[in-house]
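The residues making up each chain are set out below.
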Amino acid sequence: MNMKKTFITTCVRSISLLVAFVACAQSVPPSLSIQIISQNTLNGVAGDFVTVQGQITNAGATTLSDVTTYLSLVDTGTKLPVDLEDWSAEKGLYIGSIDAKQTLPLSWKIHFVKAGTYSLIIVAEAASNEVPQVSVITHFNVAPKKNLNPGQVLPVALGTPIVLLCILFVLSYRRKVDG
Amino acid sequence: MFTHIWKKEIRGELYTWKSLLWLLISSLLFSVTCYLLLTNKELSLLDQTELLWLLGKVIIGVALLIVIVDASSIITIEFEKETAESLFISPVSLTDFILGKLLAVLTLWLAIFVVSIPYIIVASAGSNLAIPFLLYTMLLGTLGVLGFTLLVFAISLFFRSSKNTLTTSLIILLGLSIPAVFSTTLKNDVVSQIISRANPVDNIFSSLDNILVDYQTSLIQNWQFIVPLVAFCLLALIILLFAMRRFQKHGVIQSE
Amino acid sequence: MSAIISIKNLSKSYGSKKAVDGLNLEIQRGEFYGFLGPNGAGKTTTIRMITGILLGDEGEIAIDGGPIHDKKHVAKLLGVVPESRGFYEWMTAIEYLYFFADLYNVPKKNQERLVTALLSEVDLLKRKNSTIGTYSRGMKQRLGLARALINDPKVLILDEPTLGLDPQGQLMMQQLLKKLSAAGVTIFLSSHLLDEVSRLCSRIGILHQGHLIAEGTVEELKQKTNMKDLTEVFLHLTSE
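Residue numbers (the numbering used here), protein chains in the order written: chain A, 141 to 319; chain B, 13 to 268; chain C, 3 to 242.
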């Protein structure tokens, strides 16, 4: 009876210790974090440029080196990732070192290339064994651009060939008359 | 003396259905390009400088093609239509003849450039690049047209046949244009870079890129593209002079 | 009389075939010289070498004492109706003659009078504003003669000028040539029309297989060969 009681007590203590250990481990916050400080929904028209502003923080006690951020954009309509080729020149942004307890402001210029709805997340990582950190989602609502005559191109695009065609007919008529 | 040949060519070659049709086709190509660049959903969202660069390439590319087609026949037609004999019996020298024909081809280029001006202006609106775009299109286009025309003339004097001249000239233009459209990532090795430096078409496109996309608008900032173009013109001139000497040695009418 | 055209030891080969072989010829000032020969004899080759269009392999040619390669000197003296009958078909006759008047540096103030006179002489004045493309063959040949006279030449060289002309056209051309000869122009005429040559020419040379096989007046040639007329002389000499 006493042995049984001891065994149970030992198990409970072990489990408690384990749970406490796990709880401790989970409650240690990561030293690197990334926050978005601009609005979490940005609206615009295809062709617009918007800026997503954020900050990156090293909450740890030691300097973090080789810190880099990456953009990831998903088209929420098609559920497919988007090639960031023309969307941003800052697809990968190398920050370098962040001292302990330091916060650095960051911004990403985004070009709304195509109409649709999108989700942007920013991933930050450091050279040390940190788990990559992810920002909150920033939503983009991009309306289509409708302009059939941007910069008055139509008068030139139609007018120049028409003028040349008129010259051609005048020349032809004059040649017929002279001939 | 060459001015009489030039005037004859303007009247007989440029002030004709054929040339005006070329100008009309150029204008339609520029219209489609310009309209697509400014209104197509994806294309229109490129940086304006990239649009201008694309437009510049189309203008000079179309001009080079038309000029080469014209230059391929402007000399050989005198032999094919049997008008060369009466022309060379007159006091016209071979130099006057070539110079008059050259000016006629350059006049055609000038006409194409004038047609492109409204497109350049409308595409450049708001960018402060209209003047550099116009000036450099004129400069680079003229150097390109001059070099290729001199080369085509040399080929004409050699072949005396418009069909053979045109085929050879188009092959040369194609051979020089294809590498020019490769991206820079495909030009990383030494050989590709040397070819790229020497290629007149590549130099024209790279210079336009430098001016329109990177805003390097002074002549000094583009010397590395303009000097090879000038060298190309000089080389073409040397080849032409050699061809002219050979032509004179064989006579206007070749030994059959 | 001094020679206005002097040809010494002129030769030209096309590959292995000798088109002109050691030709020696002198045309005197004011002469009307007929240059005869069967097809392939080398007549057109000789004419092209005289005008500088074709280069000879050997020999020398002098026009009025000046060498053939002095283009400016030669172009001033020579008027040529060549074998090739190419024209700028899009030009009118009057534009065509003005163009060549410019090339020959005819003073602008004289051009209108000269061009009108030439077109009248060749009976093309009524069609002066029509494009050459609408001309008949005979009209083009007459225009070619007008062009050859644009620089008021001392020497007129004609390669088969009446070929393809109707009888009226031939007569008109022959009358014009007679008139020019009477005015002192030296005429070098290459033709197949033996009757025409015998009537017009003061002296005749017969070319056969690149060699000048006979030369002289019609009478001299008839006596030498014991033939009745120039046709028989020609056939006799060129059949050998």
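Incorrect hints may have been included.
Claimed, not checked - To give a feel for the contact side, a few chain B residues facing chain C, derived at Cβ under 10 Å: (1) Gly24; (2) Asn222; (3) Asp226; (4) Arg258.
Claimed, not checked - Far from chain B by the CB rule (all over 10 Å, computed), these chain C residues: (5) Thr53; (6) Ile55; (7) Asn107; (8) Leu121; (9) Ala185.
It is worth saying that the hints were derived from the structure and are not from the lab. Glycine included, C-beta positions come from ideal geometry on N, C-alpha and C.
Which earlier hints turn out false for this structure, listed by number in ascending order?
The structure breaks hints 2, 3, 4, 5, 6 and 7; every other hint is satisfied.
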